[in-house]
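Student: Given the sequences, and given the hints that come with them, work out the whole structure.
Protein chains in written order, with my numbering: chain R, 11 to 337; chain L, 4 to 394; chain P, 4 to 189.
It is possible that part of the hints are untrue.
[As the list claims (entries may be wrong)] Simulated crosslink set (EDC-like; lysine to aspartate or glutamate; CA at most 16 Å straight-line): (1) L:K373 to R:D308; (2) R:K153 to L:D345; (3) L:K301 to L:D291; (4) R:K191 to R:D308; (5) L:K164 to L:E145; (6) L:K349 to L:E86; (7) L:K314 to L:D291; (8) R:K153 to L:E30; (9) L:K349 to L:E321; (10) R:K153 to L:E321; (11) R:K21 to R:D124; (12) L:K299 to L:D165.
Hints listed in this document are in silico derivations from the structure and should not be mistaken for laboratory results. Treat the numbers as computed from the prediction; the structure is a model and nothing was measured.
For reference, the chains in residue letters:
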Amino acid sequence: MTEFVIIMLVKMFVIFGAVMLTMTYITLAERKILGYMQIRPGPNRVGPWGLLQPIADGIKLFLKEDIIPDNASKAVFVIAPAMALIPAVMTIAVVPFGPEVSILGRNVTLFMADINIGILYIFAVSSIGVYGIVLAGWSSESKYSLLGGLRSSAQMISYELSMGFAIVGVIMMSQSLSMVKLIEAQKGVWFIIPQFLGFAIYITAAIAELNRTPFDLPEGESELVSGYFTEYSSMKYAMFMLAEYINIITVSGIVTTLYLGGWHGPVLPPLAWFVIKLLIVVFFMIWVRATLPRLRYDQLMTLGWKILLPASIVNILLTAVFMTVFG
Amino acid sequence: MAETKNMILNMGPQHPSTHGVLRLILELDGETVVKLTPEIGYLHRGVEKLGENLTYHQFIPLTDREDYIASLSNNLAYCMTVEKLLGLEIPPRAMVARVLLTELQRIASHLIWLGTFGLDIGAMSLFFYCMRERETILDIFEACAGARLTINYFDIGGLRKDLPVGFEKQVRDFIAIFPERMKNDYERIFQDNKIVRIRTEGVGIISKEDAIDLGLSGPLLRSCGVPWDVRKSNPYCGYENYEFDIPTGKTGDVFDRYLVRMEEMRQSLKLVQQALDRLPGGAFLADDPKICLPPKQKVMTEMESLIHHFKIVSEGFEPPVAEVYHSIETPRGELGFYIVSDGSNKPYRLRFRPPSFVNLESLAKMAEGKLIGDLIAIIGALDPVMGEVDR
Amino acid sequence: MISISKNFKKPGLKMELFLFYIFGGIAIIASLGLVAGKNPVHSALFMVVVFFVVAALFVLLGAEFLAAAQILVYAGAIMVLFLFVIMLLRLQKEELRNTSRHAFQKFFGIALSLVFAFQVTMIFRGSFFKGARGNFPPDAVKGFGGNTEAVAAVLFTDYLFPFELTSAILLMAMVGAVVLTKKELK
Numbered sequence: 011m012t013e014f015v016i017i018m019l020v021k022m023f024v025i026f027g028a029v030m031l032t033m034t035y036i037t038l039a040e041r042k043i044l045g046y047m048q049i050r051p052g053p054n055r056v057g058p059w060g061l062l063q064p065i066a067d068g069i070k071l072f073l074k075e076d077i078i079p080d081n082a083s084k085a086v087f088v089i090a091p092a093m094a095l096i097p098a099v100m101t102i103a104v105v106p107f108g109p110e111v112s113i114l115g116r117n118v119t120l121f122m123a124d125i126n127i128g129i130l131y132i133f134a135v136s137s138i139g140v141y142g143i144v145l146a147g148w149s150s151e152s153k154y155s156l157l158g159g160l161r162s163s164a165q166m167i168s169y170e171l172s173m174g175f176a177i178v179g180v181i182m183m184s185q186s187l188s189m190v191k192l193i194e195a196q197k198g199v200w201f202i203i204p205q206f207l208g209f210a211i212y213i214t215a216a217i218a219e220l221n222r223t224p225f226d227l228p229e230g231e232s233e234l235v236s237g238y239f240t241e242y243s244s245m246k247y248a249m250f251m252l253a254e255y256i257n258i259i260t261v262s263g264i265v266t267t268l269y270l271g272g273w274h275g276p277v278l279p280p281l282a283w284f285v286i287k288l289l290i291v292v293f294f295m296i297w298v299r300a301t302l303p304r305l306r307y308d309q310l311m312t313l314g315w316k317i318l319l320p321a322s323i324v325n326i327l328l329t330a331v332f333m334t335v336f337g
Numbered sequence: 004m005a006e007t008k009n010m011i012l013n014m015g016p017q018h019p020s021t022h023g024v025l026r027l028i029l030e031l032d033g034e035t036v037v038k039l040t041p042e043i044g045y046l047h048r049g050v051e052k053l054g055e056n057l058t059y060h061q062f063i064p065l066t067d068r069e070d071y072i073a074s075l076s077n078n079l080a081y082c083m084t085v086e087k088l089l090g091l092e093i094p095p096r097a098m099v100a101r102v103l104l105t106e107l108q109r110i111a112s113h114l115i116w117l118g119t120f121g122l123d124i125g126a127m128s129l130f131f132y133c134m135r136e137r138e139t140i141l142d143i144f145e146a147c148a149g150a151r152l153t154i155n156y157f158d159i160g161g162l163r164k165d166l167p168v169g170f171e172k173q174v175r176d177f178i179a180i181f182p183e184r185m186k187n188d189y190e191r192i193f194q195d196n197k198i199v200r201i202r203t204e205g206v207g208i209i210s211k212e213d214a215i216d217l218g219l220s221g222p223l224l225r226s227c228g229v230p231w232d233v234r235k236s237n238p239y240c241g242y243e244n245y246e247f248d249i250p251t252g253k254t255g256d257v258f259d260r261y262l263v264r265m266e267e268m269r270q271s272l273k274l275v276q277q278a279l280d281r282l283p284g285g286a287f288l289a290d291d292p293k294i295c296l297p298p299k300q301k302v303m304t305e306m307e308s309l310i311h312h313f314k315i316v317s318e319g320f321e322p323p324v325a326e327v328y329h330s331i332e333t334p335r336g337e338l339g340f341y342i343v344s345d346g347s348n349k350p351y352r353l354r355f356r357p358p359s360f361v362n363l364e365s366l367a368k369m370a371e372g373k374l375i376g377d378l379i380a381i382i383g384a385l386d387p388v389m390g391e392v393d394r
Numbered sequence: 004m005i006s007i008s009k010n011f012k013k014p015g016l017k018m019e020l021f022l023f024y025i026f027g028g029i030a031i032i033a034s035l036g037l038v039a040g041k042n043p044v045h046s047a048l049f050m051v052v053v054f055f056v057v058a059a060l061f062v063l064l065g066a067e068f069l070a071a072a073q074i075l076v077y078a079g080a081i082m083v084l085f086l087f088v089i090m091l092l093r094l095q096k097e098e099l100r101n102t103s104r105h106a107f108q109k110f111f112g113i114a115l116s117l118v119f120a121f122q123v124t125m126i127f128r129g130s131f132f133k134g135a136r137g138n139f140p141p142d143a144v145k146g147f148g149g150n151t152e153a154v155a156a157v158l159f160t161d162y163l164f165p166f167e168l169t170s171a172i173l174l175m176a177m178v179g180a181v182v183l184t185k186k187e188l189k
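Tutor: See the structure below:
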């Protein structure tokens, strides 16, 4: 029992620390990659190649004045960033970074927990993330925040549906809701090949869930200034950003698990494969951000309800038909 | 209970996509703009009144600060108006150089427009590509005048100084790279993008008749299919001798405005090429010692030039009693200056017709009933410069 | 239970009871906050807390599928829509204070909840008073191969008709809502 608790605590610190570190450096990577795509160097003043930039950013945000607007609903205003951050951190628990390995003579799994309803857990927890945004938008008593909050909640609810349906195909093929069993089912063929349609739907919906370009309407700078976190400053603002980037890691991890074969791959150790694939997905999202413009609100809804949702249902049907015909 | 109230949203004057200090009072029903009232005047500096208290020469730098995205065009419009008032002939070298530089300025201005329009609808990278090419043009301006934004290069009677050494090579280099950059970096990433298409096509349509009634000009009017351009209809600076087309649109939507401006950049490049090929030598400033500043060297060595210099700088010149209006085609449309002279060294009244101000009036007509996202695209395609609107 | 690891010992009954009291306590406090709260947004948030705690209780009972569904559907979707509506209405502060417009509201509310409590008690009286087990004790669930499988098996066989009927009713409600909110019918 004690040994178990110690192992869990160590894993918790290691995984949490690793994710936080990756997250801060993903912010730097995003700025660097965007920079190179946009013929500019990106941050390069703090430390060699700007490597200390995330730390500088963190210190800066920490020292900023924390402003709570006079008319804001104070309790909710303070809770909202936490409500955005907590689900983001909670989902990491079931992302399977690697299989069981032997460390110091003990068999340790490279993930916090393998719940037999892993996927459902992720969905349940990430569906809570919208609260942070809605409440932030509502409590700020700012019209831009309110519009941003409304936009994002409508967007997240709409896209959660097609996201869920897209996954059904994978679940049907793996016959399990557990993340580890999902990866084990992809030992031969990665699900991206038989489930290509599902993959396309999932990644589109996931980017929409993350409020990233081309679906960044809730925080669309040219329209709503910063959307729901217009009124936030200092660490509260930082918490939204933390949540956003942790979510990027989680979503990339889920995509890797569901469609890219998780930790499977030749030569390199499983953990390395998982991280490589995860980073490729992150890179893809940054690439999309550099390339695509923003959709309009009604077009976003049309895409979600009239294209992605029917397509995901078709995907389920096709999967079912193929599974029945080819066994 | 069933009664719903519309939300009033103050967009601006500090807002990322109102292009300066434009303030829009929006009445919103959900995301739909029900009523739009533009509020202007946040950048009012009383330039027209200032003009009444400055000599004709002293006013030129102020024109830079009107349409600061295309300051050379403003210089040109003002200088030509004063030249018209004086009946001054300007040397051919200055004439061709003016065409060349204002066309480069048009490209630079359209590049800023394209970049910010991209930003408005969320395409971030395009902005940086546009800035890269604009930088090349600004380098040319810098070589000419020493300034990049408020260039102040044209003078009454010609140019402030002669074109610099290496000017031709700089311009030729630009001509060599630009069409390719336009095709590869702008059109392929932007024009062929499905999202750009659905964001711009059929958005902000204004009919030919409405456009004429509102007095629109420039790309905005041409996108509705009215082939009207001051360079063709009332040629100045010898535009009648150049070969170029006036691109027009069909539907008058945001996408047509984009296409018209892109084609205008190509035509401008053509004009730059032609002007460069025929750039004559000779004087760059009219030889009228009472009006044009003598060269510095002469001021230092000749008594007479020193006196002229002193007279022009301290008192200026006294044009005949008259009223003149002259307009040119700036990147944003027809810019006209109206000067009433009472025979003194300062204008009795100076006024201008800024194209952005007139174009801005069409905003409500185009955006009412549309979504906020459309409004942003429409403002972007309108390309207002608030310095010019508020004066 | 969540199968965390093989060498994980099932916590004793004491631990479970302890957790049950904690969660139960939070549930009661939060539901009081929900009823007593003046601000609808705060009430909605308390309700979310209740949903979470109930989900935790489900996990304690070994029904993690239900727990996930509870959070996913109630907390993640329905309450978000509630909040959405509250936000859209944007009640002014004066309107919020003016809550006791109907004098008998509280009285009827208490009476009705007593009736409801009585009904619930009568339905579950077997397990409430006698401590008897329901139809799906842990052994039966294990027979299905897990609680997710058990729910699926029962839902898609014995209760298939009511299940489909419910979805049909929901669909009708959706169509009705669309018809009612459409501005003009053609």
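Student: Now look at each hint and say whether the structure bears it out.
Tutor: Going down the list of hints, with the structure as the test:
1. L:K373 to R:D308: holds, 11 Å
2. R:K153 to L:D345: violated, 53 Å
3. L:K301 to L:D291: holds, 14 Å
4. R:K191 to R:D308: violated, 39 Å
5. L:K164 to L:E145: holds, 12 Å
6. L:K349 to L:E86: holds, 14 Å
7. L:K314 to L:D291: The hint holds at about 13 Å.
8. R:K153 to L:E30: holds, 12 Å
9. L:K349 to L:E321: holds, 8 Å
10. R:K153 to L:E321: Roughly 56 Å between the alpha carbons, so the hint for R:K153 and L:E321 is violated.
11. R:K21 to R:D124: The given pair, whose Cα atoms are some 13 Å apart, holds under the 16 Å limit.
12. L:K299 to L:D165: Roughly 12 Å separates the two Cα atoms, so the pair holds.
Hints 2, 4, 10 from the list above are not met by this structure, while the remaining hints are.
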